[in-house]
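2 protein chains.
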Amino acid sequence: MRGERFSKLCRPAILFGATLAGVLGTAGGVRAQALEDLQTPDTPLVLKAQGSFFVGGEKAEQTKVELGDLGPGGHITLNQMYVRYMVPQNGAGNVPVVMVHGATLTGKSWETTPDGRMGWDEYFVRKGHPVYVPDQVGRGRSGFNQAIFNNVRAGSAPPASQPVWLRFSDEGVWPNFRFGAKPGLPFPDSQFPVAAVDELSKQGVPDVSFGGLPTPNPNFKALSDLAGQLNGAVLMGHSQSGSFPLEAALLDVAATRGLVLVEPGRCPAYTPEQIATLVKVPILVVFGDHRDNPTGLPTLPTWQARFEACQALLARLRSAGGQAEMLNPPDRGIRGNSHMIMQDRNHLQIADLILQWIGEHARRPRAGAK
Amino acid sequence: MRGERFSKLCRPAILFGATLAGVLGTAGGVRAQALEDLQTPDTPLVLKAQGSFFVGGEKAEQTKVELGDLGPGGHITLNQMYVRYMVPQNGAGNVPVVMVHGATLTGKSWETTPDGRMGWDEYFVRKGHPVYVPDQVGRGRSGFNQAIFNNVRAGSAPPASQPVWLRFSDEGVWPNFRFGAKPGLPFPDSQFPVAAVDELSKQGVPDVSFGGLPTPNPNFKALSDLAGQLNGAVLMGHSQSGSFPLEAALLDVAATRGLVLVEPGRCPAYTPEQIATLVKVPILVVFGDHRDNPTGLPTLPTWQARFEACQALLARLRSAGGQAEMLNPPDRGIRGNSHMIMQDRNHLQIADLILQWIGEHARRPRAGAK
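Residue numbers (our numbering), protein chains in the order written: chain P, 1 to 370; chain V, 1 to 370.
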């Protein structure tokens, strides 16, 4: 890739100034510079197909007030999952890859990076894989259930019954996503393009999934159903959704051809019965560097603690006969990767390692699959 | 296009059954059939570039409670606009087209249709135009300001201070979007793919823009800035955003090369000074059929009344020397188009008329533009 149309040599300096101003709370607008930063690849992207569709969804009847008081009550659809896809022209028979984003983010995570480089979505397509990028149920283009908010507004439900909306602050992202120990002070070897951290800030959207989704989380079944509709897929989750591929596999392991857990927020302590299911699918866990850095969120464990929980899960899976591996870049001399590893400056180097693992480990399609 | 991978002859009948069940309030899930309906074009889509970026956005400082009570208070970005784009390999020099969606919807409106056909986004790219599809500020991947909701939840703001979230019911969409006079009973000549109306239902997301956005609506400046960053663009709005291209042109008419208002919710009564600005850019208004059908929303005018307000605006613009036209398909013998004209069965026929108008009327790029 090269910056064919919009490259400007002075941009990093300008951006870093803007970043520090943002972090330090300077008033005023964020520079609208993202379009100028977009890089154009040297070769065209040739797609057999692209577009979007939905998975799942249930009808619900809601009152006039719940619908916003404009028209009478009636039915809407809830818990559907929006999915955008690209199928490469020369990818017939290659395993589809589903990429699920983390907390307070959307499918945008996998698209163009904050500093304008190609996202993993396009890179995996260029490597021959059909790619499917959802917005989690409750987020972005998948929508959410607004009924309780309108009921609270109308006085017919108590305010405390309303679920919380989570956002991560720009200051909090630095230690929690491990760009640096303090805002504006990146680790010397940080791979995150910190000069463009204000562009990552724009990716943030309110997250209602801490109390505003049904139980079990409808994303699990939606991802399982999507893998089934694709006649088998590699499911990749990140952070909040890092464990979603495991949960989807527990619903229909035959539909999963591989699970990739990128910086998962948790690796659950599954029952022996669940382990017996999960050993049927190859699993790769990927973590970045600087995991001991305090997250700034005292109620949450460090990323090192989560790494160790995943190591324990992988060991249990291997003991039970599973193919379960940790990809720990520092073990290979690759240092400085952040929590937003798909946006790091060396993101294609990490992608290549995952693609190699998929090539070597993803299961064959089911018999009779198209 | 043909249904290369997934076509099934029996699908319309199945879908119509599901539709009626949904409309009539039958309990249970909506069939997860959308992926199976996707049609694959006969020829590949060759892109010079694709990806996403943001326009605008301002930093705001929020409290711990406003951010969802997980970490300390800090800064986030608000009022940014997410934009997804595709640039055709062979489209250098062609005018970019920006497509903005309507109320309770997202940029998905312009992507794959509810019954799996190519969306206008891809079609315009295949016709040589770079295409940019935003999510309105406050919607989808652009996020919204969650602070007031968390303050209400915490008891520090009164419930009535919370903005309303609007959704359209499935039943209400039939008369308001003019698929038919009553739910489940399409007009005999309806162009909307009513068998897939449950897929349109899945496109619905809560809309906070009736009280939850700053004044003036930040979408106006974001669209104006986007057109400027593109060194000139055709701005296309739909329904709620039908008048946004006019408002963006009033901020920087030089950045607009043409305005296309598809079924605009309103054509404002502009001042003579505003008219003097708007005559500088060619304007096309597009409406569908059955505009006299009562909308089912007594507080809102019929679409015929809005059509007539737009005719009045176009007449004023022409009197002042502007190039301002109405595209009224029934005048050309094209009957049955709905409010969701970009998803109608004859959507490419309508697109061709708009493309012809753009080819004949869009202004040349500004001097010095790349």
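Treat the hints as calculated values from the structure; they're not laboratory data.
All figures in this text were calculated on a predicted structure; none of them were measured in a lab.
Be a bit skeptical, because a hint or two may be false.
Where chains are identical, the list cannot tell them apart; a pair therefore holds if satisfied intra-copy or between any two copies.
Listed below are the simulated BS3-like cross-link pairs for lysine-lysine, each with C-alpha atoms no more than 30 Å apart in a straight line [stated by the list, open to error]:
| id | residue 1 | residue 2 |
| --- | --- | --- |
| 1 | Lys127 | Lys48 |
| 2 | Lys280 | Lys64 |
| 3 | Lys182 | Lys64 |
| 4 | Lys182 | Lys48 |
| 5 | Lys59 | Lys182 |
| 6 | Lys127 | Lys280 |
| 7 | Lys48 | Lys64 |
| 8 | Lys280 | Lys182 |
Violated hints, by number in ascending order, as checked against the structure | 2, 4, 7, 8
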